[in-house]
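Q: Each chain is listed here by its residues.
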Amino acid sequence: MRQPGSNRRPWTFYALAAFFALYVLFLYGPMSAIFILSFQGPTGGLTFPMVGVSLHWFGALFGQQRTGDFAGSFTRSLALAVIVLSITVVVSVMAGLAFRRRFLGSTLVFYMAIFSLIIPGLLLGLGVGLMFQFLGIKPAWYSSALGAQLTWTLPFGLLIMFAVFSRFNPAYEEAARDLGAGPWQTLSNVVLPILLPGIIAVALFGFTLSYDEFPRTLIPIGSRNTLPLEIWAMTTNVTSPALYALGTVTTAVSFVVIAVALTSIAVIQRRRTRRGTQVDGGD
Amino acid sequence: MAQPGEIELRNLTKRFDQTVAVNAIDLAIPHGSYCCLLGPSGCGKTTILRMIAGHETPTEGDVRIGGESVVGFPPARRGTAMMFQNYALFPHLTVLDNVAFNLKMRGVGKAERHRRAREMLAQVRLDRFADRMPAQLSGGQQQRVALSRALITNPRVLLLDEPLSALDEFLRLQMRGELRRMQRELGITFIHVTHTQLEAIAVADMVVVMEQGRIEQAASAREIYTLPVSAYVARFMGGQNVLDGKVTSVRAGVASLVSDTGERFSSPVTDATVTEGDVLHCCVRRDRVALERAPGHPGAQPERANAVAGAVHAIEYQGSYVKVTIDVPGREQFVANVADSRFFANRVDIGDPVLARWAPEDVHLLTGDLRKPARGMGAGRPYGEEITRENG
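Protein chains in written order, with the working numbering: chain A, 1 to 283; chain B, 1 to 392.
I should point out that these hints are in silico values taken from the structure, not numbers from a laboratory. Keep in mind that the hints are not guaranteed to be accurate.
[Claimed, not checked] For each label pair, taking beta carbons as the anchor points, the in silico distance ranges come out as: (1) A:S166 <-> B:A24: 34 to 40 Å; (2) A:V260 <-> B:P40: 49 to 55 Å; (3) A:L117 <-> B:R77: 43 to 49 Å; (4) A:L130 <-> B:T59: 50 to 56 Å.
Using N, Cα and C, we set each Cβ at its ideal position, and we do this for glycine too.
Starting from the given sequences, assemble the full structure and let the hints guide the process.
A: Here it is as structure tokens:
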């Protein structure tokens, strides 16, 4: 018999738990399969079962054999992601500062920035490619592909800065001014340090959006591929577990970047609340 | 020769788009005084403070500190320091670096600025919290850090924007005494913005009561409280009952009046020219009102002058006195603050019919309302009461 107030769970709990389990399975199942298969033995194939366990296919990645130019495309992707990150951070922070005041045409500039988010990426990449061809400039990862990626990361960065500034209390700036700080001193001593966690978030977005960008980069990339494009090319001609090793390595890099960013945000927040508790416990 | 902390506002006006926040204000605050700007939210008091500080530019008029116009000067050049509402302590800096901020901006070396910041913190007994972050301090400690951070600039004027509103009642009472003591010790001008009447009259040498961007009255705390200039000030400060009536006769500096509900009372009119038929506003202090039981039904017209009749609406025990609120038909509620010994010697209960009476010499004429059109005499809405409660 069911007693009122007993802590038995209703059937909906089990139904929703099963649904959630399925969700987790679909999310992580394929990734885990690739992760496990990347450790396939030297004689193993693209599918289960595992024929021994080895790091053979990771080694194969770094020799430029039939597997494609992994090392080159990986370096290019990292370099491009860092360039995109830097430009995104600088431009987004400055634009965020500018948009705090209404300026002539601010609404127009805002909608134009947001517009590039909703244009299909492939078309945008096509447009960039066409423009470079029209101007007679050879497309390359550091020029045309960089521009195409920025159309994606800049509006994102700007939107994040809007959210960051909406929680920023302008009284801090006034307090700094009141205490004799000039505009630059206010920016460097007060505004930027307080906004630092938000700026790290913008950097993280800039990096990851660039690192796995595909549709916008595909056409204007030029002759040397970034990593996602190289992987895509490899899926059509590589038939070894090296492909899985590649997937594992690139995912690991993404995780490291995210972990570094989140840890630094957490450290900053902790410093602001916890620091010095050991000095004196009482009050 | 003007003294350094003397402040003069001339025709000071601030408009935001179409709204007038501060409307052509003239005010002189003497050097070394403690001045409170008092008024309900939106009356323009914070805007005035921010214009003195240099965080807001006047639309018209002049701000003079120490005899010199400071309009257009950056805050740091004015010799003012501001303590912000909720303090605005920099969350990413330690308490020590917060206090040392001004010195750092001025290029003082690290060892020297930390030494001076520690000294400053020692004065407010916070030196052992120097290495903490602001978020780890209690409200009262944060307030003291904010005070140290402002005072390290050696200001001639300290501007305090609602400095006590973030504290609990107990700390608020303690800190307001502390602020007053500090102002005396430093001998500089303090300008303190508040919406709490008791806070203002407790600390200030000079209270400026504001309404809708204008100054209603600027005077000593005692004068504001006992001799309000207008019905607005009388109601806002509390402590007074406002009476309206039409003059029936004037003799030897005393006007006889009758309210539109028929009560008769008199008011001294020595400083004003009034003639028969004028409508006057007066007030009588709550603690000068005596209560007696009235036989007959509540609200019957009192036989005698200088009295109103009604039924007891509420009784609040306040320790040294008892606040008795009386419903009087046709006019705003009447309040008598009866000394506790007198109240308990002759108790009344809620609903009892009572007569509230006062001596004619305790009536004070509200001269500031003489030139204003009568506002629906008698049955006025007790808006002063409402403001009091809203902000209490």
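Q: Each hint needs a verdict: does it hold in this structure or not?
A: Comparing the hints with the structure gives:
no. : hint                         : verdict
1   : A:S166 <-> B:A24: 34 to 40 Å : holds, 36 Å
2   : A:V260 <-> B:P40: 49 to 55 Å : holds, 52 Å
3   : A:L117 <-> B:R77: 43 to 49 Å : holds, 45 Å
4   : A:L130 <-> B:T59: 50 to 56 Å : holds, 54 Å
In summary, the structure agrees with every hint in the numbered list given earlier.
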